[in-house]
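Trainee: Residue-level listing of the chains:
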Amino acid sequence: MSPITLIALIVGIPAILLLVYIFVRGSTGLRRYILTRIGLTLPMVFILATLVFFVLRVLPGDPVRSALGPKGTPEMIARIRTQLGLNDPMIVQYGRFLGDMVTLHFGNSLTGGHRPIIDEMSERFPATLELVIPASILALVVGIYGGTLAAARRKKTLDYSLRIYSVVIYSLPIFWLGLMLQLLFGVQLNWLPISGRIDPVIGTTIKHITNLYAVDALITGNWPAFLSVAQHLILPTFTLGLILSGVFVRMTRINVIETLQADYISAARARGIREHVLVYGHALKNAMIPVITLIGLQVAILLAGAVLTETVFSWPGMGSYLVERISARDYTAVQSVITVFALLVALISLAVDVIYSMVDPRVRY
Amino acid sequence: MTEIKQHPPETPAEDTSWEAEIQRVGFIRRILMARRWYGADWWFVSISAVMVVGFIVVALFPGLFAPYSPDALVGPRFLAPGQHPEIPILIVPQDSSITSLKDMAAPEGQIQPSIAVVQGVPTAGALNEQAQAIDNQIKNEPEGLRLRPRIERFTSLEETLQAVVDGKAQAAVVQSTEFERVSAQFPTLREGTSITGQTATAGGFILGTNDIGQDVLSRLLWGTRVAIIIGFSASIVALVLGVPLGLLAGFIGGSFDRLLSLVMDSLYAFPGLILAIAITAVLGPSILNVIVAISVLYIPTYYRIVRGQTLSVKEEIYVEAAQSIGARSLEILRLYIFPNVIPSVAIIFSVNVADAILTGAGLSFLGLGLPPTIADWGIDLARGQRFIQTAWWMITFPGLAIMLIVLAFSMMGEGLTEIFNPKLRER
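Chains A and B, in that order, give the protein sequences. Each number in the numbering used here comes from the position in the first sequence (counting from 1) with 1 added on. Under the numbering used here, the residue at position 157 of the second sequence is numbered 154, and the numbers go up by one with no gaps.
Just so you know, not all the hints are guaranteed correct.
Claimed, not checked - Capping the alpha-carbon separation at 20 Å, the derived lysine to any residue pairs in SDA-like fashion look like this: (1) Lys165/B <-> Ala103/B; (2) Lys156/A <-> Phe41/B; (3) Lys156/A <-> Glu411/B; (4) Lys136/B <-> Asn125/B; (5) Lys208/A <-> Trp224/A; (6) Lys99/B <-> Gln129/B; (7) Lys157/A <-> Phe41/B; (8) Lys99/B <-> Gly122/B; (9) Lys99/B <-> Arg143/B; (10) Lys311/B <-> Gly251/B; (11) Lys208/A <-> Pro317/A; (12) Lys156/A <-> Glu415/B.
Unchecked claim - Ranges of calculated distance between the beta carbons of each label pair, as one might list FRET restraints: (13) Ala263/A <-> Leu57/B: 45 to 53 Å; (14) Arg32/A <-> Arg325/B: 40 to 48 Å; (15) Glu259/A <-> Leu259/B: 24 to 32 Å.
The set of hints was computed from the structure by calculation and includes no laboratory data. Here the structure is a predicted model, which means the values were calculated and not measured. Just so you know, even glycine gets a beta-carbon here, dropped at the ideal spot from N, CA and C.
Kindly generate the complete structure, drawing on both the sequences and the hints.
Mentor: Rendered as structure tokens:
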């Protein structure tokens, strides 16, 4: 079983089970909402796919000619064009493109080793997951805790510093933050490695099961490998996580402040409930609802940030794969990667909305 | 016009007379009156406006501020900030009247001065060339001076300098840093200028030089131009397309609105940088293509805000009144709805320029978008990353510049938000 199917099963089966559970147990309104939301995801996927198709096929530029470079003879170009079906009418190509997307049929690389793209992705995609998941957790922890802290200490020094933090973090180019962390912790202090997922020597000892190196090392009890993976993860995780945390600090702060002004909080305060419990117990829970929506919106920033972070840290994930394939002018691979990104965006925003509707019963269509 | 407000003010005790006034004035007066009306601080806007204007001035006239051309190879490679390059300088006795090579010229026919150099180092060649150049320059002048120094070679640095002390040569030419090392041993000697006439401490580079000897500061200043061009053009194109679409969708409504909103929402949800990567990869590297790619990303931002505002303004009584007296749709859009969306558009525009600059820098950092020869911060950062072990200044300063320019524009957006949406002020 290839790692990518394994991951799809690990993530997909619980997700589907959860969805079914929510659907069966939920009220009629919730059921209707989930159905409508799924119904809306399909056109979104369709539009994104059309966009990708438009950008890659309709815009001027001949992918085959640029892939072959100056050594491509007209016959070779013609042969590969026929092979890829680029000579067919646009509408036929479009239909085939949509069909390939639904069946996840990506074909082979146009240049380089001509490997099946799905094989490449089953190596690259877990690497991106391994980076994106801890980074999101870091961003949420820093963001929600920092935002609540700022709201609780409103108009105090801590509040102002956290507000400045969120503005400055927003203005930082993510790749520059990565470079600065590399410079400080990798080059000057020499504490942490600055590139790759794992030490190349230790890397040979790892057994590839899910291709999530941390998980693989844990399952097989390969402690040196786990340590190396963890060390390599620190800088990229902080780069991506800190950049994302700025928005969460800001949003959590605004929402907690707003909730703290609500009548029920005043009532609770009048009953003599301690301020600490008020902020963290009563206000935070309600303030979290809009923040969940924000998580959905941040997926785009997360993925774009992952592309840059991976490039800075030579992290062999989907983002660096995309950039590599673009410089290799490998257009089938580029198209596949972007399609996968589009699918991911659509699915995650569906998931976030469903969770949101479960948390906040007011949301219904 | 009487003010009819849909929602009563939340705290009736507060003086809210400005809320009525604010509906009646234009964009500029709102900024100016904000302080008087509701005490909105505009120092935030002022600081960021000064920064923004500063960046724009640098972008318009980078040549005035930059000491060198961005592409010129002006110094040694990898020179750290403030470090002086190795230049050949003139060493003369303390009591000598000579300070530069030109002072050593003697009248035609008289004995030419002798200059001591260390054997086997390239200073002698440089000295010869420079002396020749000066000679060519002065030989046609009425004073009749010539400069054809005799070059005496010595085996070591110490011997060379000793020759000047002993009077065997009028001056010596050695590398500036070498003289600094041994200057304590030769208290009777002092530094003159370099052989090209600069002082020994000149020729440093404030922010250092890069891997091929270009001045980092000059490239930084010229890079402002690229950033500003990309930021402004992309945001303007997005605005020109996004605002009318949003107005129309909000005003017409129905299936046109639903379809367009679906497209825009999908575009909005998609990671912008990845779409821009795809577009520039297909179109090829050029500044125009970068602008096209980035402006596509930001159309939905304008669309969403403008549409939302149009929807709410459409319900206002004055629009209804205009409709009932038979005003044409276009007129209602132009006279009643459009002026209401200008403030939000100004806010988004400011934030958008910041975003576009960030995305543009990201693109060129990835090696896409801009031709590699252009002076751009993203390109310089990508280049500096290869030398992270040796040249920290190559990656530090361009990134700092991006941060500052983005900070300036986003702070301005923030300040404008505070002025235009006083209700958000307390947040």
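Trainee: Taking the beta carbons of Arg32/A and Arg325/B, is their distance inside 40 to 48 Å?
Mentor: holds (46 Å)
Trainee: Quickly compare the C-alpha distance for Lys99/B and Gly122/B to 20 Å and report which way the hint goes.
Mentor: holds (17 Å)
Trainee: Taking 20 Å as the top limit, are the C-alpha atoms of Lys156/A and Glu415/B close enough?
Mentor: Holds. Lys156/A to Glu415/B sits at ~16 Å (cutoff 20 Å).
Trainee: Given the hint that Lys156/A pairs with Phe41/B, test it: the Cα-Cα distance must not exceed 20 Å.
Mentor: holds (16 Å)
Trainee: Is Lys311/B close enough to Gly251/B, meaning Cα to Cα at most 20 Å?
Mentor: Between Lys311/B and Gly251/B the Cα gap is close to 14 Å, so the pair holds against 20 Å.
Trainee: Need the status of pair Lys165/B, Ala103/B: alpha-carbon distance at most 20 Å?
Mentor: Given that 20 Å is the threshold and the Cα spacing comes to 17 Å, the pair holds.
Trainee: Could you grab the alpha-carbon distance between Lys156/A and Glu411/B and see if it respects the 20 Å cut-off?
Mentor: Roughly 17 Å between the alpha carbons, so the hint for Lys156/A and Glu411/B holds.
Trainee: With the threshold set at 20 Å, check whether the alpha-carbon distance from Lys208/A to Pro317/A stays at or below it.
Mentor: holds (17 Å)
Trainee: Below or equal to 20 Å on CA atoms is what counts here, so check Lys99/B against Gln129/B.
Mentor: Holds, at about 11 Å.
Trainee: Compare the distance between the alpha carbons of Lys208/A and Trp224/A with 20 Å, and conclude whether the hinted pair is satisfied.
Mentor: Answer holds: Lys208/A to Trp224/A is near 12 Å, not above 20 Å.
Trainee: Please work out if Lys157/A and Phe41/B have their alpha carbons no farther apart than 20 Å.
Mentor: With a Cα-Cα distance of about 18 Å, the restraint between Lys157/A and Phe41/B holds, given a limit of 20 Å.
Trainee: Verify the proposed pairing of Lys136/B with Asn125/B, using a straight-line Cα cut of 20 Å.
Mentor: Roughly 16 Å between the alpha carbons, so the hint for Lys136/B and Asn125/B holds.
Comparing the model with each earlier hint shows no violations; every hint is respected.
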